[in-house]
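Engineer: From first to last, the protein sequence lines stand for chains D and U.
Here the working numbering is used: position 423 in the first sequence is 423, and no number is missing along the way.
Here the working numbering is used: position 347 in the second sequence is 347, and no number is missing along the way.
Since the hints were made in silico from the structure, they are not lab data.
Computed list of lysine-lysine pairs in DSS-like fashion (alpha-carbon distance at most 30 Å, straight line): (1) D:K6 to U:K415; (2) D:K357 to D:K135; (3) D:K36 to U:K194.
Protein chains: 2
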Amino acid sequence: MKSQAKIEYDRLTYPTVIVIGGGFAGLEVVQRLAGKPFKVLLLDRQNHHCFQPLLYQVATASLSADSIAHPFRRTVAPMPNVAFRMTNVVGVRPADNVVVTDHGELHYDILIIATGSTTNFFGNKQVEDQAMQLKSISQALDIRSDFLQDFEAALYLSDEAHQRRQLNFVIVGGGPTGVELAGAMAEIRMTVLKNEYLELDSSQMMIHLIDSGDRLLKAFSEKSSAKALRYLEEMGVKVNFGARVTGYDGDRVTFLDGSHMDTNTVIWAAGVRGVCLPGLEQGFHPQANRFNVDAFSKVQGTANVYAIGDVALMTADPAWPKGHPQVAPAAMQQAQYLVKNLQRAEKERTPFGYVDKGSMATIGRYKAVLDVRGFHMGGAIAWFGWIFVHVMSLVSFRNRVMVLFNWAWKYMSWKNTIRLIIRPYLRKTTVVEPHSTVAS
Amino acid sequence: MKSQAKIEYDRLTYPTVIVIGGGFAGLEVVQRLAGKPFKVLLLDRQNHHCFQPLLYQVATASLSADSIAHPFRRTVAPMPNVAFRMTNVVGVRPADNVVVTDHGELHYDILIIATGSTTNFFGNKQVEDQAMQLKSISQALDIRSDFLQDFEAALYLSDEAHQRRQLNFVIVGGGPTGVELAGAMAEIRMTVLKNEYLELDSSQMMIHLIDSGDRLLKAFSEKSSAKALRYLEEMGVKVNFGARVTGYDGDRVTFLDGSHMDTNTVIWAAGVRGVCLPGLEQGFHPQANRFNVDAFSKVQGTANVYAIGDVALMTADPAWPKGHPQVAPAAMQQAQYLVKNLQRAEKERTPFGYVDKGSMATIGRYKAVLDVRGFHMGGAIAWFGWIFVHVMSLVSFRNRVMVLFNWAWKYMSWKNTIRLIIRPYLRKTTVVEPHSTVAS
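Please model the complete structure; the sequences and the hints are all you need to start from.
Structural biologist: Here is the structure:
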């Protein structure tokens, strides 16, 4: 027996809109289409929206995974014209208006692709196999378990070279993810490692941030880049510019200039690529790994397929001839424009124009940088601004309270107690010599 | 360079106490030995204490895993005479006063075994392989992901028999874990399934609680047993008494009387067994799977090895000739007695006597049962009492706040938003026929 609400949903005769992906772009579309004359179906491989800008805090034991995730079914429950299905989309057949999923084919009248982006290893299979990445909650929990296990394993190493390798953390990519992660790892060293791993010399833990260019946070102002660098150096992070990683075998990372570094942990945050679906080859831009879209977000060569967010490459916006930055605000603005346009006749639609409201990144307590339309700010005010913007952007009231409480707890107590290791016991096999200084 | 605190710890000339296991018993010992003239080393396979009585709430999406766990290193950090090591103990050589771990041998003067208990499948390998259990955080998260994936998978089943099997939850064991889990699953059906899975008929979800005896909560008063049964039946849980599981192949559970039930999910909560270590065969009680201890918690046949908590079988307490119940209060009282006795000369030690402060179990909102020394209570007051006792027993202030907030949120909004699936996509392979009612 179906519920009354489901019977009513099934009876809707509005055009069917399928939205693939519930990230910032997809979720914004769904929320804006709620109550409008469309029959909406959201598809995602996960059952929850993940607030990606705070993933690095899950990875560094500042936030619990649950506090930055929200189930899609909870979001769509009060929307009578929206349904959700957890499934994997394997392709599109635009000629038939059909999306192909693991669970069969689905017909659409309008298709909105908001599949986002994944880590870009630029074709280096070895690095892809051995390095860690930070695009999903599972990956964040994996990084968390990994560095905590590294600390524990380091205690059993009497050989100093092995111990240094075990405590050497290499982060590749000087964008916001790399910078924020490096700052958070430096806080971990200053608090958790120093106070709770008394057998270890916390200065043995090295944090290397690797960038192939000559400044951090390329999308920010030069002032902000310089300030972020200064903050990181104050916190003891080694920043290596002009360094290009060519390989990583799990023990040693090698660079283009022939140099190398021994490390058990490489976190790769050096680029993203759009998650494109097969079947839309005409609109696919292979260099960018994104779908070419026009000023109305329509995928090139299609009549009723749209792409928004990280997966879309729009070169029609005069201010952004190389396409928009792959960030949440651009994704959400594209979603808002698209929903407005879908409610208008074709010729009344307005082309998208991105309003860059600014960029911000946090490095540590009272240490953040903020760029807003030529205006720059750093320090504690930027840091509180960053907190405010991020907390307000979270999806549910519960998550806002949880995140705020966790931050207050962390920054007042410096205890980072969210330190569950839930992976199998000591995955890495580099523990070479058991010894027993503690109790012998 | 070791820290000053570590150098001071190493220099301690007190007797070395090794505590194996940081559950209720082990953690209580460590907390009581802090600042006392002993050099204490806590060993555990996990890096965190887990508050086991609330594991079922992690499994049923009411609490986040982090809110009931606390890192051992955080607990011992302020204790100058206590250290922690994350390692796996593989055996004991009492003749040499040595504990053998994965990372080498450790010498002790006094050994305290607090390894606790694990799920007892009574030798049934098939059930052990196929059923789920609830003794660790990983297992709780696994149950949570599993039932959420079952809901999603059920949507794709057009065949009613398969759908019923997918939504049939069988819990084996009518003790507190089974009863509390069954009640929480009934709440999930009433809230999450009913409100957010509109395509499913929530009455198709069955919750079977299986017990081989003739009443629930055998350790409680008959009044409480009867009340718990009534609560569960009011919530739509089917309780099957006198049923003994003989097998489970992943699809069908079979009973001793030849009957069977089709289900994708069996959660086994029908018994525990002590986690005994090799090397102490003289003190091992094979039927009970526990270590025989005297009235001072000393393992039979040893001079300086103690066992407390679930792994200890003490028959010397006149009120408990078959040993104490394997519950947290008994474990903690044994720990308290042991620490007091260790500070006394051998002949001044006092034998342990368990003070049963009562038992409580919760079934749902405003539904709990409580037995205190012949006095019985149920309903809302017992429920608030249960909340109070459990929140106050949590290890850290942070966890208390988190748990209270999560409960308040859950019981006011009925939303259970802690619903991350973090396991691989649709593990179970029973999705038989893709179809596409939603958007076709």
